[in-house]
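Each chain, letter by letter, is given below.
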Amino acid sequence: MVTSFRLGSAVFKNRVFAASGTYGYGDDCLDVADVAKLGGIFTKSLSMKPRDGNAPPRVVETPSGMLNSIGLANIGVEKFINEKLALLRSLDTGIIANIAASSIDEYCAVLDVLDAEVGIDAYEINVSCPNVREGGLSFGMNCELTEEITHRLRSRTTRPLIVKLTPNVTHISQFARAVEGAGADAISVINTLIGMAVNVDSRKPALSTVTGGLSGPAIRPVALAKVYEASKSVKIPIFGIGGIMNARDALEFLIAGASAVQVGTANFIDPAAGITIAEGIEAYCLQHGINDVASLVGSLDVGEALSVLDTWV
Amino acid sequence: MMIREFSRVETVEEVGENIFTLTFTSPLISQEILPGQFVNIKGNQYTDPLLRRPFSVYLAEQDRLSIIFNVIGRATTLFRNMKIGDSLDVLGPLGVPYDYDSPTFHTAVLMAGGLGVAPFGILTSYLKRSSKTIITLLGAQTSKRIVTHHLEGVRISTDDGSSGMRGTVVDLARTIFHTVKLNQPKIFACGPNKMLEATARMADEFAVSCEVSLEGPMACGFGICQGCPVEIVGQERKYSLMCKDGPVFDSRSIRFPR
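Protein sequence lines correspond, in order, to chains A and B. Using this note's numbering, you'd call the opening residue of the first sequence number 1 and step up by one each time. Using this note's numbering, you'd call the opening residue of the second sequence number 1001 and step up by one each time.
Derived from the structure by calculation, the hints contain no laboratory data. Bear in mind that the values here come from a model prediction, so they are computed numbers and not experimental data. Among these hints, one or two may not hold up.
[Said to hold, decoys possible] Restricting the straight-line Cα-Cα distance to at most 25 Å, the calculated cross-link-like pairs of lysine-lysine (DSS-like) are:
id	chain 1	residue 1	chain 2	residue 2
1	B	LYS1042	B	LYS1083
2	B	LYS1238	A	LYS49
3	B	LYS1238	A	LYS79
All chains, please: the whole structure from these sequences, using the hints.
Written out as structure tokens, the structure reads:
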């Protein structure tokens, strides 16, 4: 059974990854998760300087989902390299450094610092955080800027470059094509959807930033449709993300066109969720006589059916 | 060491007005947990409620843990309605414990506002083991919402005067600190933020050290979601995490959330 996944110079054990911002730097999960059985870990977003993040409340549960407004709280790229990278490297799993920034120059600077280090398999560029007023969505909702960031970063590294796209746009396919054209090796689809909750007793927003990012099973059908749309518009691999809780959820994404998946919110409930999912995908393949997980990718049988997406993709 | 354990529900009891205790087997976590630490519990296998819910451990006896809670929303309704033998998915022990055996104090003054008693059963048993003198001050809206199981040296205050002194638990503590000479006291407080802030101010007035246990929304309970910041003073960084750096903090080390 072939489970491995190649992305440019990187080869991962399998196609199930921990999503950025849902696994810290890996070290907090080791007591309850054998992380060597993951395809890899996408780190918490790294910025040049440490970031405190947003004021509380930062999280609230919503029906089958949660809203967050963490605000890219992180220890900064230097501390990451000095205090976290060595342990991460020892974990025998893929390491994808997620980069967030408030300017194109900052993206470049963080990437340069990381590119001097060994043991990082790939980069994921976060242009889609909905909870910061500088950077984040102001890049990710602007196709030209997203393209420019990708282009600038592409010229600085030979490591695989993955761009994490926001669903908060009219046509994600347009953004997918733009970053593919600018040299991205893969895209991650999707970051969180802008959402909101109100405490009717206090008439205050549930989050300190009024709106936040919605994740969890509530967004899975939306995420799946975005993956399907993106997969029809680009040839580069797609990391499917959005409310994946179990192997069947992950299989939906693979069949719809994702080459790999990232597990996010599920880690908050069970840090070993991704491992259980990877095992479940393997069991499914055995059961269905599939000898390479890759053959599932994009295997959706729509027959003659057309989606509304087909009118613009 | 964080442990994930599948537990069996032993009892659900109503111990006060809309206050319940849930007791479950937990052979591994019960051996490790210390006063003030918490567990993060999921009571269903479905996606709604989605996240675990954090609870202070009220008691740890043999291989069992008990939590105490108000029924507020869907998750606590689910816990109230559990039957003997039902399964719970429990993650713990989480967070840092109270400093319950320091030689720097002799008299432990436990102060609970409302359901702030949540960590006090286990705290009492550890304090007794350390031969500390214990005074427990409980404040609630009414006598029906006072829980005293497994507590020691209990004095009560109620908002409506239906039991004990009429007033807040901080009022009650103030009268005690004014009238009684306590031997090397230290305050252990748990309750709503406003009560904790008033407690911290009072502790400063009487120059008594004070640890508070905070409650607030969190997703994971062990640091990966970054969802539970607590503003701290005198550090380079602005926030600590309630789940990992707390939930117990020295009252002078934090700014109380509003």
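To see whether the hints hold, each was checked on the structure:
1. Distance restraint check for B/LYS1042 and B/LYS1083: the Cα-Cα separation of roughly 15 Å lies within the 25 Å cut-off, and the hinted pair is therefore satisfied.
2. Between B/LYS1238 and A/LYS49, the direct Cα distance comes to roughly 14 Å. Compliance with the 25 Å bound is thereby established for this hinted pair.
3. For the hint pairing B/LYS1238 with A/LYS79, the CA-to-CA distance comes to about 16 Å; that is within 25 Å, so the pair holds.
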